[in-house]
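Chemist: Residue numbers (the working numbering), protein chains in the order written: chain B, 34 to 379; chain L, 159 to 458.
If you are wondering where the hints come from, they were derived from the structure by calculation, not from laboratory data.
In this text the structure is predicted, and so the values were computed from the model without any measurement.
Ideal placement from N, C-alpha and C gives every residue a C-beta, glycine not left out.
It is possible that some hints are incorrect.
Stated by the list, open to error - Using 30 angstroms as the maximum straight-line C-alpha spacing, the simulated DSS-like pairs for lysine-lysine come out as follows:
{"no.": "1", "chain 1": "B", "residue 1": "Lys248", "chain 2": "B", "residue 2": "Lys103"}
{"no.": "2", "chain 1": "B", "residue 1": "Lys260", "chain 2": "B", "residue 2": "Lys340"}
{"no.": "3", "chain 1": "B", "residue 1": "Lys281", "chain 2": "B", "residue 2": "Lys340"}
{"no.": "4", "chain 1": "L", "residue 1": "Lys455", "chain 2": "B", "residue 2": "Lys260"}
{"no.": "5", "chain 1": "L", "residue 1": "Lys457", "chain 2": "B", "residue 2": "Lys286"}
{"no.": "6", "chain 1": "L", "residue 1": "Lys351", "chain 2": "B", "residue 2": "Lys281"}
{"no.": "7", "chain 1": "B", "residue 1": "Lys260", "chain 2": "L", "residue 2": "Lys457"}
{"no.": "8", "chain 1": "B", "residue 1": "Lys281", "chain 2": "B", "residue 2": "Lys260"}
{"no.": "9", "chain 1": "B", "residue 1": "Lys103", "chain 2": "L", "residue 2": "Lys351"}
{"no.": "10", "chain 1": "L", "residue 1": "Lys423", "chain 2": "B", "residue 2": "Lys286"}
{"no.": "11", "chain 1": "L", "residue 1": "Lys264", "chain 2": "L", "residue 2": "Lys242"}
{"no.": "12", "chain 1": "L", "residue 1": "Lys242", "chain 2": "B", "residue 2": "Lys340"}
{"no.": "13", "chain 1": "B", "residue 1": "Lys103", "chain 2": "B", "residue 2": "Lys122"}
{"no.": "14", "chain 1": "B", "residue 1": "Lys68", "chain 2": "L", "residue 2": "Lys423"}
{"no.": "15", "chain 1": "B", "residue 1": "Lys260", "chain 2": "B", "residue 2": "Lys248"}
{"no.": "16", "chain 1": "B", "residue 1": "Lys68", "chain 2": "B", "residue 2": "Lys122"}
{"no.": "17", "chain 1": "L", "residue 1": "Lys455", "chain 2": "L", "residue 2": "Lys351"}
{"no.": "18", "chain 1": "B", "residue 1": "Lys340", "chain 2": "B", "residue 2": "Lys286"}
{"no.": "19", "chain 1": "B", "residue 1": "Lys281", "chain 2": "L", "residue 2": "Lys457"}
{"no.": "20", "chain 1": "B", "residue 1": "Lys340", "chain 2": "B", "residue 2": "Lys68"}
{"no.": "21", "chain 1": "B", "residue 1": "Lys248", "chain 2": "L", "residue 2": "Lys455"}
{"no.": "22", "chain 1": "B", "residue 1": "Lys248", "chain 2": "B", "residue 2": "Lys286"}
{"no.": "23", "chain 1": "B", "residue 1": "Lys122", "chain 2": "L", "residue 2": "Lys423"}
{"no.": "24", "chain 1": "B", "residue 1": "Lys260", "chain 2": "L", "residue 2": "Lys351"}
{"no.": "25", "chain 1": "L", "residue 1": "Lys429", "chain 2": "B", "residue 2": "Lys340"}
{"no.": "26", "chain 1": "L", "residue 1": "Lys455", "chain 2": "B", "residue 2": "Lys281"}
{"no.": "27", "chain 1": "B", "residue 1": "Lys248", "chain 2": "L", "residue 2": "Lys242"}
To be verified - Quick list of simulated restraints, FRET-style, between CB atoms:
{"no.": "28", "chain 1": "B", "residue 1": "Ser278", "chain 2": "L", "residue 2": "Arg426", "range": "42 to 50 angstroms"}
{"no.": "29", "chain 1": "L", "residue 1": "Arg386", "chain 2": "B", "residue 2": "Leu123", "range": "52 to 60 angstroms"}
{"no.": "30", "chain 1": "L", "residue 1": "His428", "chain 2": "B", "residue 2": "Gly377", "range": "44 to 52 angstroms"}
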Amino acid sequence: MTTPGGAILVWLETEGRGLGEASKRLALIASDLAKQGQLTVHGAIMAGAYGPPPLGAFAGLGLTGVLAFKGRHRPTVGERAAALLQAAKLLSPDILLVASDERGREMAPMVAARLETGLTADCVSLRLENGLMVQTRPAFGGDLIAEIITPIARPQMATVRVSGAQPVKANGEREPRPPWRGHGPGHEPGLADPTLPTLEVLLAPPVMGEPTVLKRTPLSADDDLEKASVVIACGLGLGGPEGVSKAKNLADKLGASLGATRAAVDRGWLPGHRQIGLSGRAVSPNLLITLGVSGSVQFMAGAGGAKDIIAVNADPRAPILALARVGLIIEMENLWPELEDRLGPL
Amino acid sequence: MTDAPERTRLGPPTAPSFPNSAADRERDFREAEGYRPRVAVAIKQVPPSLGGATDPLKGFVLRTGPGRLNPHDGPAIEMALRLKDRYGALVDLFSMGPVQAETALKEALSLGPDRAFHLTDPLLAGSDSLATARTLIWAMDLEGPYDIIVSGLMTSDGGTGQVGPAMAALMDFPFAGRVSEIVSLEDGALTVKQLYRDELLETRLNLPCLVTVHPDGFTPRLPTVRARLRPRLVNRLTASDLIAPNPDQAPAQAALFGERGSPTKILRTHKPKANDKVLARPTPPVAASVIIEAALKAKS
Numbered sequence: 034m035t036t037p038g039g040a041i042l043v044w045l046e047t048e049g050r051g052l053g054e055a056s057k058r059l060a061l062i063a064s065d066l067a068k069q070g071q072l073t074v075h076g077a078i079m080a081g082a083y084g085p086p087p088l089g090a091f092a093g094l095g096l097t098g099v100l101a102f103k104g105r106h107r108p109t110v111g112e113r114a115a116a117l118l119q120a121a122k123l124l125s126p127d128i129l130l131v132a133s134d135e136r137g138r139e140m141a142p143m144v145a146a147r148l149e150t151g152l153t154a155d156c157v158s159l160r161l162e163n164g165l166m167v168q169t170r171p172a173f174g175g176d177l178i179a180e181i182i183t184p185i186a187r188p189q190m191a192t193v194r195v196s197g198a199q200p201v202k203a204n205g206e207r208e209p210r211p212p213w214r215g216h217g218p219g220h221e222p223g224l225a226d227p228t229l230p231t232l233e234v235l236l237a238p239p240v241m242g243e244p245t246v247l248k249r250t251p252l253s254a255d256d257d258l259e260k261a262s263v264v265i266a267c268g269l270g271l272g273g274p275e276g277v278s279k280a281k282n283l284a285d286k287l288g289a290s291l292g293a294t295r296a297a298v299d300r301g302w303l304p305g306h307r308q309i310g311l312s313g314r315a316v317s318p319n320l321l322i323t324l325g326v327s328g329s330v331q332f333m334a335g336a337g338g339a340k341d342i343i344a345v346n347a348d349p350r351a352p353i354l355a356l357a358r359v360g361l362i363i364e365m366e367n368l369w370p371e372l373e374d375r376l377g378p379l
Numbered sequence: 159m160t161d162a163p164e165r166t167r168l169g170p171p172t173a174p175s176f177p178n179s180a181a182d183r184e185r186d187f188r189e190a191e192g193y194r195p196r197v198a199v200a201i202k203q204v205p206p207s208l209g210g211a212t213d214p215l216k217g218f219v220l221r222t223g224p225g226r227l228n229p230h231d232g233p234a235i236e237m238a239l240r241l242k243d244r245y246g247a248l249v250d251l252f253s254m255g256p257v258q259a260e261t262a263l264k265e266a267l268s269l270g271p272d273r274a275f276h277l278t279d280p281l282l283a284g285s286d287s288l289a290t291a292r293t294l295i296w297a298m299d300l301e302g303p304y305d306i307i308v309s310g311l312m313t314s315d316g317g318t319g320q321v322g323p324a325m326a327a328l329m330d331f332p333f334a335g336r337v338s339e340i341v342s343l344e345d346g347a348l349t350v351k352q353l354y355r356d357e358l359l360e361t362r363l364n365l366p367c368l369v370t371v372h373p374d375g376f377t378p379r380l381p382t383v384r385a386r387l388r389p390r391l392v393n394r395l396t397a398s399d400l401i402a403p404n405p406d407q408a409p410a411q412a413a414l415f416g417e418r419g420s421p422t423k424i425l426r427t428h429k430p431k432a433n434d435k436v437l438a439r440p441t442p443p444v445a446a447s448v449i450i451e452a453a454l455k456a457k458s
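Could you build all of it, start to finish, from the sequences and the hints given here?
Modeler: Take a look at the structure:
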């Protein structure tokens, strides 16, 4: 049972000299959860070359304390896991949350395995029920929603889907307020600010025999999927690489970025880094146009941040049509000629 | 300040470790000439389509029908086979699952791995990612030691992607995720490229190590006719095989199997609710206008 006065530990990541946006969302989700059970929220963070972010970066996030581990500038996944493990041993939290981004999905299972506790991946909602954290996640490509608990082992661990413009609901009722407004790294609140956590700096635990990074190549210069105002998502309904090529030309003409479903990526129609969804990227454009996308919960986990969705699908039973603001039931073969009439050859 | 540095990787050795003869074997033989690196691949059979039936009481996915190889495991096997092609590695497959999951191992064997081990026992049913990781490790300890353990990025049913990193932590192996290319295997180290969303890393890992495979770099090969015609033998392992090396610890180890050894429990499952909204069935010109005008508005 989660006892009142227990702790939630969240793993935070730096971004530049400040706190990453996903980390702020995660802290707020934890803070909403904490209110359901009189828990306190603590953060653990790896402080690299710049040291820990300024205290102001943690303001307004509902954090009671932050443990900052001084270590290497770009820690490996194993080094992050070791630091979080150390924090978990120091705090003995009831609940431990990690953002389910690429690195979080790698480090969290390491920590859970070492603590011999349960871990639920990619939670889309968390709540306390009878003192236990109920962790909701889609499985089977979204065909099934599972609620999972860790009744005995502690801490109760989850990776949490935090990206996307639509913050995850922590209590199923209200949206967490945008955390970063007025509390950015540049904003230095007064020392009297009651929302500031205490900051403790520790040496990161050494990890022997970690992999050595020989070379780093930054990626995605051409790629602005997360920031694009219009995204066109390609699904199996496009029929094949030819349809995808038309969609790409359409995206170019409309100034949109191109994304894809996992099914389309699995067939090799588009590279894996274009994938939108639970196991891919989360987008939050003003407009998402889906072409031949059925709209599984798993896809929507990455697309839910779109402010407006226009869905094109030939199958009137496709779930995306019910989720979109406008659902256009039409065959792509009938739509392409009309679009080419307006925009030129695609 | 922290305590004195522990001279291990992630802290003291994992609690539920049951030493057995294979894992304790001297590794000196690796220095011997003509040594072939040993690679283990963890694979899974998944239901053929999404939305399988669930156990009404426990919420597990009922794995009774036919299945297919998890799509992410093809690339994992491909990476192991490239290690075989380039460095003469011996490739063993490991899978845990119900009796009929043997077909996935047979299918995978036709691609060219050397041996396949199928862990199947009612005691192992209902394993979550931690219990699965432990059980696979024990099976690999029986047949190993291995220099490189390869896992797919995730499965298409559970989709947690947790078993690979959990195995690395339990074994205290260096870990590299999202491997998209093998650079070299020499001087007791594997050098790979790791494809993250924001960067491509070239990373060197000392052996033994564990990697998860990014599907981008390893398009699976097709089975050869010769391999298909070869007898494809799948070795079956049961819970008692896993216990055999340490009979005195049998009760403790058995408590870590399957549902009993899984710290997570499924509270309930449900199908997402469908929303039946009235939808437009537009003519092509109307549909094109809706799309173009909305895009222009969203850009402005």
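Chemist: None of the hints should be skipped; say for each whether it holds.
Modeler: Hint by hint, here is what the structure shows:
1. The hinted pair formed by lysine 248(B) and lysine 103(B) meets the criterion: a straight-line CA distance of about 23 angstroms does not exceed 30 angstroms.
2. At most 30 angstroms may separate the alpha-carbon atoms for a hinted pair to count; lysine 260(B) and lysine 340(B) meet this at roughly 13 angstroms.
3. This hinted pair checks out: lysine 281(B) and lysine 340(B) have alpha carbons roughly 22 angstroms apart, not beyond 30 angstroms.
4. Straight-line distance between C-alpha atoms of lysine 455(L) and lysine 260(B) comes to about 17 angstroms, which keeps the hinted pair within the 30 angstroms bound.
5. About 12 angstroms separates the Cα atoms of lysine 457(L) and lysine 286(B), which keeps this hinted pair within 30 angstroms; it holds.
6. With a CA separation close to 28 angstroms, the supplied pair lysine 351(L) and lysine 281(B) stays within the 30 angstroms bound.
7. Taking the CA atoms of lysine 260(B) and lysine 457(L), the gap is near 12 angstroms; set against the 30 angstroms cutoff, the hint holds.
8. About 18 angstroms separates the Cα atoms of lysine 281(B) and lysine 260(B), which keeps this hinted pair within 30 angstroms; it holds.
9. Taken as a hint, the lysine 103(B) and lysine 351(L) pair is honoured in the structure, with Cα atoms around 27 angstroms apart against an allowance of 30 angstroms.
10. A hinted pair counts as satisfied when its Cα atoms are at most 30 angstroms apart, and lysine 423(L) with lysine 286(B) does not qualify at roughly 50 angstroms.
11. Note on lysine 264(L) and lysine 242(L): the hinted pairing holds, with a Cα-Cα distance of about 18 angstroms set against a maximum of 30 angstroms.
12. At most 30 angstroms may separate the alpha-carbon atoms for a hinted pair to count; lysine 242(L) and lysine 340(B) exceed this at roughly 49 angstroms.
13. Proximity of lysine 103(B) to lysine 122(B) is assessed by CA-CA distance (about 17 angstroms); at most 30 angstroms being required, the pair is judged to hold.
14. In summary, the hint linking lysine 68(B) to lysine 423(L) is supported, as the alpha carbons are separated by about 24 angstroms, within the 30 angstroms threshold.
15. A threshold of 30 angstroms between alpha carbons decides the hint, and for lysine 260(B) with lysine 248(B) the separation of about 27 angstroms falls inside it, so the pair holds.
16. For a cut-off of 30 angstroms, the pair hint linking lysine 68(B) to lysine 122(B) stands: about 23 angstroms separates their Cα positions.
17. For the given pair, lysine 455(L) sits about 41 angstroms from lysine 351(L) by alpha-carbon distance, which is inconsistent with the 30 angstroms threshold.
18. Restraint check for lysine 340(B) and lysine 286(B): the C-alpha separation of about 21 angstroms stays at or below 30 angstroms, so the hint holds.
19. The hinted pair formed by lysine 281(B) and lysine 457(L) meets the criterion: a straight-line CA distance of about 17 angstroms does not exceed 30 angstroms.
20. Of the pairs offered as hints, the one joining lysine 340(B) and lysine 68(B) holds, with about 29 angstroms between alpha carbons and a cut-off of 30 angstroms not exceeded.
21. Between the alpha carbons of lysine 248(B) and lysine 455(L) the distance comes to roughly 43 angstroms, so the proposed pair goes past 30 angstroms and is violated.
22. Straight-line distance between C-alpha atoms of lysine 248(B) and lysine 286(B) comes to about 36 angstroms, which puts the hinted pair past the 30 angstroms bound.
23. Straight-line distance between C-alpha atoms of lysine 122(B) and lysine 423(L) comes to about 24 angstroms, which keeps the hinted pair within the 30 angstroms bound.
24. Between lysine 260(B) and lysine 351(L) the alpha-carbon distance is near 27 angstroms, which keeps this suggested pair within the 30 angstroms criterion.
25. As the CA atoms of lysine 429(L) and lysine 340(B) are separated by approximately 25 angstroms, the hinted pair is consistent with the 30 angstroms bound.
26. Between lysine 455(L) and lysine 281(B) the CA atoms are separated by roughly 20 angstroms; this keeps the pair inside 30 angstroms, and the hint holds.
27. At roughly 25 angstroms between alpha-carbon atoms, lysine 248(B) and lysine 242(L) fall within 30 angstroms of each other, so this suggested pair holds.
28. For serine 278(B) and arginine 426(L), the Cβ-Cβ distance of about 44 angstroms falls inside the hinted range of 42 to 50 angstroms, so the restraint holds.
29. For arginine 386(L) paired with leucine 123(B), a C-beta distance near 56 angstroms keeps the hint of 52 to 60 angstroms intact.
30. Checked against the hint of 44 to 52 angstroms, the pair histidine 428(L) and glycine 377(B) passes, with Cβ atoms roughly 47 angstroms apart.
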